[in-house]
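Enquirer: My request is simple: use the sequences and hints to build the entire structure.
In mature numbering (1 follows the signal peptide of the UniProt record, and there is no 0), the protein residues as written are -15 to -1, 1 to 98.
Derived by calculation from the structure, the hints in this document are not laboratory data. In this text, a Cβ means the ideal position worked out from N, Cα and C, and glycines have one as well. Please note that a few of the clues may not be correct.
To be verified - In silico SDA-like links for lysine to any residue, alpha-carbon gap of 20 Å or less:
1) 86 <-> 41
2) 86 <-> 44
3) 86 <-> 16
4) 86 <-> 59
5) 86 <-> 20
6) 86 <-> 34
7) 86 <-> 65
8) 86 <-> 31
9) 86 <-> 54
10) 86 <-> 37
11) 86 <-> 27
12) 86 <-> 58
13) 86 <-> 22
14) 86 <-> 38
15) 86 <-> 57
16) 86 <-> 32
17) 86 <-> 39
18) 86 <-> 56
19) 86 <-> 47
Stated by the list, open to error - Using C-beta positions, here's what the derived DEER-type ranges look like:
20) 68 <-> 96: 44 to 52 Å
21) 92 <-> 20: 46 to 54 Å
22) 57 <-> 16: 19 to 27 Å
23) 93 <-> 41: 46 to 54 Å
24) 93 <-> 22: 14 to 22 Å
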Amino acid sequence: MKVFVLLCLVGVALSAPQQFSNKLENPEDTPEPYEFSLNVADDEFTNYQSRQESQDANGVVQGVYSFIAPNGIRYTTSYTADPVNGFQANTVEEQTNIEIKIPVHPPQPQGRS
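Expert: Written out as structure tokens, the structure reads:
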């Protein structure tokens, strides 16, 4: 009987709702400012893209990225993200005179039947 009561108590303890906290491990952490950028201009494969991004000490992220799609249109997206307004982006399309080169793969040898 004691074993039965003990097992019941263990079962009740294990089935109780778990308490989880959504608090940050270290709430006094502040965002670290950073910035980076990259640029790809590959004429051989007509691969053109760029990106810039930065974050200030308040955690506000600002950036812009662009690429040229196979139809020759450059898509440029500017964005801002912060704790108050969330993520906000704006994309602009710009026609270019770049003709995208689609790679052609050589024919594969046929296997014997």
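Enquirer: Evaluate each hint against the coordinates.
Expert: Taking the hints in turn, this is what the structure says about them:
1. 86 <-> 41: violated (39 Å)
2. 86 <-> 44: Judged against 20 Å, a Cα distance of about 40 Å means the pair is violated.
3. 86 <-> 16: Violated, because 42 Å separates the two Cα atoms, which is more than 20 Å.
4. 86 <-> 59: Given that 20 Å is the threshold and the Cα spacing comes to 15 Å, the pair holds.
5. 86 <-> 20: violated (32 Å)
6. 86 <-> 34: Satisfied, since the Cα-Cα distance of roughly 15 Å is no more than 20 Å.
7. 86 <-> 65: violated (33 Å)
8. 86 <-> 31: Measuring from Cα to Cα gives roughly 6 Å; hence the hint holds.
9. 86 <-> 54: Distance of about 11 Å is within 20 Å: holds.
10. 86 <-> 37: violated (26 Å)
11. 86 <-> 27: holds (11 Å)
12. 86 <-> 58: holds (14 Å)
13. 86 <-> 22: violated (26 Å)
14. 86 <-> 38: violated (29 Å)
15. 86 <-> 57: holds (10 Å)
16. 86 <-> 32: Status holds; Cα separation ~9 Å.
17. 86 <-> 39: With a Cα-Cα distance of about 33 Å, the restraint between residue 86 and residue 39 is violated, given a limit of 20 Å.
18. 86 <-> 56: With a Cα-Cα distance of about 10 Å, the restraint between residue 86 and residue 56 holds, given a limit of 20 Å.
19. 86 <-> 47: violated (32 Å)
20. 68 <-> 96: 44 to 52 Å: violated (59 Å)
21. 92 <-> 20: 46 to 54 Å: About 47 Å separates the Cβ atoms of residue 92 and residue 20, which means 46 to 54 Å holds.
22. 57 <-> 16: 19 to 27 Å: violated (38 Å)
23. 93 <-> 41: 46 to 54 Å: holds (53 Å)
24. 93 <-> 22: 14 to 22 Å: This hint is violated: roughly 40 Å between Cβ atoms.
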